[in-house]
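Trainee: Construct the complete structure from the given sequences, taking the supplied hints into account.
As a plain string of letters, each chain reads:
There are 2 protein chains.
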Amino acid sequence: MKAEIIAVGTEILIGDINNTHAQYLSRELASLGISVLWHTTVGDNQNRLKEAIITGIKRSDLIIFTGGLGPTKDDLTKEIVAKELSKKLVKDMRAKNNIESMLKKAKREITNNNYKQALVIEGSKVFYNENGTAPGMAINENGKIIILLPGPPLELIPMFEKDVKSYIMNLTDYIILSHNIHLYGIGESKVDEVLADILEGSNPTVGIYAKTGEVRVRITSNAKNKQIAEELMKKPMDIVIERLSKFIYGIDVENMQTAVVRAAIQNGKKLSVAESCTGGLIASNIVSVAGSSKCFDCGVVSYSNEIKEKVLKVDNSILKKYGAVSPEVAEQMAIGVRKISGADIGISTTGIAGPGGGDKEKPVGLVYVGISTEYETKTYKLLLAQNKQTKRQTIRDLTALFAMNEARKKLLKGRFVKLSL
Amino acid sequence: MKAEIIAVGTEILIGDINNTHAQYLSRELASLGISVLWHTTVGDNQNRLKEAIITGIKRSDLIIFTGGLGPTKDDLTKEIVAKELSKKLVKDMRAKNNIESMLKKAKREITNNNYKQALVIEGSKVFYNENGTAPGMAINENGKIIILLPGPPLELIPMFEKDVKSYIMNLTDYIILSHNIHLYGIGESKVDEVLADILEGSNPTVGIYAKTGEVRVRITSNAKNKQIAEELMKKPMDIVIERLSKFIYGIDVENMQTAVVRAAIQNGKKLSVAESCTGGLIASNIVSVAGSSKCFDCGVVSYSNEIKEKVLKVDNSILKKYGAVSPEVAEQMAIGVRKISGADIGISTTGIAGPGGGDKEKPVGLVYVGISTEYETKTYKLLLAQNKQTKRQTIRDLTALFAMNEARKKLLKGRFVKLSL
Chain U
32 MKAEIIAVGT EILIGDINNT HAQYLSRELA SLGISVLWHT TVGDNQNRLK
82 EAIITGIKRS DLIIFTGGLG PTKDDLTKEI VAKELSKKLV KDMRAKNNIE
132 SMLKKAKREI TNNNYKQALV IEGSKVFYNE NGTAPGMAIN ENGKIIILLP
182 GPPLELIPMF EKDVKSYIMN LTDYIILSHN IHLYGIGESK VDEVLADILE
232 GSNPTVGIYA KTGEVRVRIT SNAKNKQIAE ELMKKPMDIV IERLSKFIYG
282 IDVENMQTAV VRAAIQNGKK LSVAESCTGG LIASNIVSVA GSSKCFDCGV
332 VSYSNEIKEK VLKVDNSILK KYGAVSPEVA EQMAIGVRKI SGADIGISTT
382 GIAGPGGGDK EKPVGLVYVG ISTEYETKTY KLLLAQNKQT KRQTIRDLTA
432 LFAMNEARKK LLKGRFVKLS L
Chain G
32 MKAEIIAVGT EILIGDINNT HAQYLSRELA SLGISVLWHT TVGDNQNRLK
82 EAIITGIKRS DLIIFTGGLG PTKDDLTKEI VAKELSKKLV KDMRAKNNIE
132 SMLKKAKREI TNNNYKQALV IEGSKVFYNE NGTAPGMAIN ENGKIIILLP
182 GPPLELIPMF EKDVKSYIMN LTDYIILSHN IHLYGIGESK VDEVLADILE
232 GSNPTVGIYA KTGEVRVRIT SNAKNKQIAE ELMKKPMDIV IERLSKFIYG
282 IDVENMQTAV VRAAIQNGKK LSVAESCTGG LIASNIVSVA GSSKCFDCGV
332 VSYSNEIKEK VLKVDNSILK KYGAVSPEVA EQMAIGVRKI SGADIGISTT
382 GIAGPGGGDK EKPVGLVYVG ISTEYETKTY KLLLAQNKQT KRQTIRDLTA
432 LFAMNEARKK LLKGRFVKLS L
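Top line first, the protein sequences correspond to chains U and G.
For what it's worth, the working numbering labels the leading residue of the first sequence as 32, then goes sequentially.
For what it's worth, the working numbering labels the leading residue of the second sequence as 32, then goes sequentially.
Hint data in this document are derived by calculation from the structure and do not stem from the laboratory.
Keep in mind it's a predicted model, so treat the numbers as computed, not measured.
A hint or two may mislead.
Copies of one chain are not kept apart here, so a pair can be met inside one copy or by any two copies together.
[Stated by the list, open to error] EDC-like cross-link-like pairs, simulated, lysine to aspartate or glutamate; straight-line CA separation at most 16 Å:
{"#": "1", "residue 1": "Lys104", "residue 2": "Asp228"}
{"#": "2", "residue 1": "Lys104", "residue 2": "Glu231"}
{"#": "3", "residue 1": "Lys81", "residue 2": "Glu285"}
{"#": "4", "residue 1": "Lys370", "residue 2": "Glu340"}
Mentor: Right, here's the structure in full:
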């Protein structure tokens, strides 16, 4: 089944918000064996919305609209779709009652334009909204399925998980499975060359995807059942693992922080973090993983010498002699936070994230990472600014990625993390 | 000028990565007075890429392609665009040399497929890549401008800022200006109703945009020069400020953390943060703002009772009596971190972000926030899980937003933040 996702909203086209639904829905549809071939974003404009609908129906079997179901005058999705399908809008009493109770619950005044949201396309399957006032709906006609979903993520995601996913699952009769092999420390084109001989297949497919600081190899197959799909994937999986094992940080783990948290929990070890330039980013990444409290309970953000001394017990003399951005201070920060917390591993970062603060000797992008255990404390020097344009956030993200990967290696003695473990 | 952004990459269509370039480029083009009317994403597929190019040229004056310039076999953008424009690909020696030096610098092996990236479309303006091996290029023919940019953000953004922006600026002869009024604590449809009478204009335009936990009113005008554009915006600006002042947290500030950092620096005050459920998110948000070291140097992530006691000096008896998720503990955490850090304001969070850990008495989404100064310490009770589907990250984001807004109110005694201040 060929699918297309059409986001409706001028706020996306002027860059006020990011179209995160395209990613969320694409991932969900892929997991259901549905190929998304197009993403389109169009503004709250009658003519262009009409063009998007006509094009979508022509080239796709499943068209999912996100946004434009709000109460305001420029929310047009429902109206234009109904018009293109020559259907009426009819009032849905359950939607109306839901709107009234939602707004009461939120102690929000009920405005007249809210009632516009109680209208649905005649003959559609209505998805009631537990988190907002706009109902979703699905129309299935002449082999084309058109689904309308509200824009706010807090409304769309729960609605998709509760009702829309099962609605779509009943439209397909085979499954698709994927495995993701996550790599750190190797470039995309090198991976492409190493795996050139297995990139041509169609079932399973092998794809290479790069993002800031890492590369992912995704192997996907479709079949009547899980067992056959897994059998199809086994050979390429073994090849990738054999050829790239030393770069693999995890298989089927969501991201680096998930790999680190799993590794720590599997080994019954606790982590602690002392952050200067990353300023809480590593702690926040770790805590973003559900269940991380089992392996993490202490982070210190020490953004000045005073706090490094006072909280992390870094020697004043060391700070004076070498400066805050130095291997000596990274080492003492890592040891300090490990001791305060009683954790098995102390992770530290100190560096110059920019845009200001750099000089010839210590340029923007210079970062020291420390990893401390009761047996040894190691520090690492990183130069993360490829040039003057490199962003503060990028330097912080790359630092967090490196530090978490070193902690993972410590925990697993180089082995990688498998979801199944 | 009508613009369209076409992202090329199967990894976007299967949801592996988010198309962040669409937002970045849309915002940049808006600031140059160019209306982006379409975002399209298409996979690394010959036929669909061809369809996207033909459609783009038909309906848009400026078409920007992102991605598909990589070294691998399935990177097709340059090849297909050249074919559609009936142009040859020619080797660019400076691009070739750049590739060789880039890869040497990165200590990466030079693979044959890298040389594919030294080819450019004949007659195009080439944008050399300081951060990668793929050159960008622009073709200007028959009133249509087609720009090709590399996919990795670390390459695209610096290239756009250094060369592409000025290239595009030379294509237009007027400017567009915007002001953004950021609101917290009021819903989108209420704002729509309050401002209904000023939403119809065309120059300036007034738009309302909602995202998790906040609403933004954007006023935009275009004119021959800055002064005229500002004059056009003055009346609606005054109206919005007059009608919604008590919900405004900032004007022309990037986000809540920027508002808080500005407020603190303007008032010569220092912040400190003790985080349990947000686990470093508030610290990381603050540190993401360049210059935040002037007003922030201490954060503690205390994810267990032990660390709350040991580092933040929360009374063991209080923890035993009321539990970690309680106003009493939030209060002591805020006081504790303020004292440790010597900051003027201590911010604390303790709550249940889920998915586990909730019960009848203390459900997932129950959060206490503490704000402490030398004069008083206040705590706030939040219930942030609208239902079982509410995500851990959402609860953490809403908590951070609330806590930062309370800190802002403390700093400004309710006044809001202006970029110009």
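Trainee: When the structure is checked against the list of hints, which entries are broken? Sort them ascending.
Mentor: 3
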